[in-house]
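Q: Construct the complete structure from the given sequences, taking the supplied hints into account.
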Amino acid sequence: MRIVWALITGLVFGLGITVSGMINPSKVLNFFDVAGTWDPSLAFVMASALLTTAVGYRLVLVRPAPLFHAKFHLPKTTRIDRQLIAGSAIYGVGWGLIGYCPGGVVPALGLGHTEPWVFVAALLVGMAIARFTRNQLAKAVAA
Amino acid sequence: MTEFTPVAAVVGGTLIGIGAVMVMLFLGRVAGISGILSGAVFASSWDDWGWRAAFLAGMIAAPAVFTWVTGQAPEFMMPGTTAVSIFAGLLVGIGVTFGAGCASGHGVCGLARLSPRSIVATGVFMFVAVATVFVNRHLIGG
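So the protein sequences, as listed, match chains A and B. Per my numbering: the first sequence ends with 153, consecutive numbering throughout. Per my numbering: the second sequence ends with 276, consecutive numbering throughout.
Among these hints, one or two may not hold up.
What the hints assert, rightly or not - Pair ranges (Cβ atoms, derived):
hint: 1; chain 1: B; residue 1: Trp180; chain 2: A; residue 2: Ala138; range: 14 to 22 angstroms
hint: 2; chain 1: A; residue 1: Arg68; chain 2: B; residue 2: Ile253; range: 36 to 44 angstroms
hint: 3; chain 1: B; residue 1: Ile274; chain 2: A; residue 2: Leu61; range: 32 to 40 angstroms
hint: 4; chain 1: B; residue 1: Ala177; chain 2: A; residue 2: Lys86; range: 20 to 28 angstroms
hint: 5; chain 1: A; residue 1: His83; chain 2: B; residue 2: Thr204; range: 13 to 21 angstroms
hint: 6; chain 1: B; residue 1: Thr204; chain 2: A; residue 2: Phe142; range: 38 to 46 angstroms
hint: 7; chain 1: B; residue 1: Trp183; chain 2: A; residue 2: Ala75; range: 42 to 50 angstroms
I should point out that these hints are in silico values taken from the structure, not numbers from a laboratory. Glycine included, C-beta positions come from ideal geometry on N, C-alpha and C.
A: Here it is as structure tokens:
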């Protein structure tokens, strides 16, 4: 049951990305291009997604537990550190270069073009490098 | 040049929000796509892998469903070369791992929870993305 609902949820989320135009990296880049061919659409996407999520979370999080899992897993870290800021800045450079964020590129895999797959392959290599580096850093600190 | 599409943006954004709320209601998690993807690929257990793979499969099926319902393919134009895709992909992969989230995890779910970390992260990546496009398109010329 959980798998079926996960599939349906992914479809709803992916349709949101597709309908909103976030599946198109050129449109995302035009949102960032405030001094050029600015397309403010993404601000409307973010605002409506944020509002819906904020209201929905209020209704859902009063429940003792989610439907198909034992408990809620909310991020517990609260520290604003160099990793968060540097990581977000590196992500911003990558997003600004090509217009793809992870949420935008996953549905684009279903379009039948090669480019999104190339991007995702590189993204996974980047994740693997970062995970390895983080583990080494943690070991160095512990030693 | 892409057209300003406020109605599609609000309909799509609302669907993204509904999807994020469904993830919380069904699975008890924030809908950070970088986290779901990373967990699916670097999974620690089969039990944890299944829902992630199903969620991603649903996302990948979305353009086909969109085309089937509307009768036209979603607008799509790759803005750079393969080399730029690879370089940007590496940066995004490294960045979201250290930054612990992307536009969906921090920008939607995190802001909806008023998480201070997400507010800082979203401010940083949006500002840097705007600055990157400015440098790329207007200073060095695209």
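Q: Each hint should be assessed against the structure and marked as holding or not.
A: Hint check:
no.: 1; hint: B:Trp180 - A:Ala138: 14 to 22 angstroms; result: holds (20 angstroms)
no.: 2; hint: A:Arg68 - B:Ile253: 36 to 44 angstroms; result: violated (18 angstroms)
no.: 3; hint: B:Ile274 - A:Leu61: 32 to 40 angstroms; result: holds (37 angstroms)
no.: 4; hint: B:Ala177 - A:Lys86: 20 to 28 angstroms; result: holds (21 angstroms)
no.: 5; hint: A:His83 - B:Thr204: 13 to 21 angstroms; result: violated (35 angstroms)
no.: 6; hint: B:Thr204 - A:Phe142: 38 to 46 angstroms; result: holds (43 angstroms)
no.: 7; hint: B:Trp183 - A:Ala75: 42 to 50 angstroms; result: violated (21 angstroms)
Hints 2, 5 and 7 from the earlier list are contradicted by this structure; the remaining hints agree with it.
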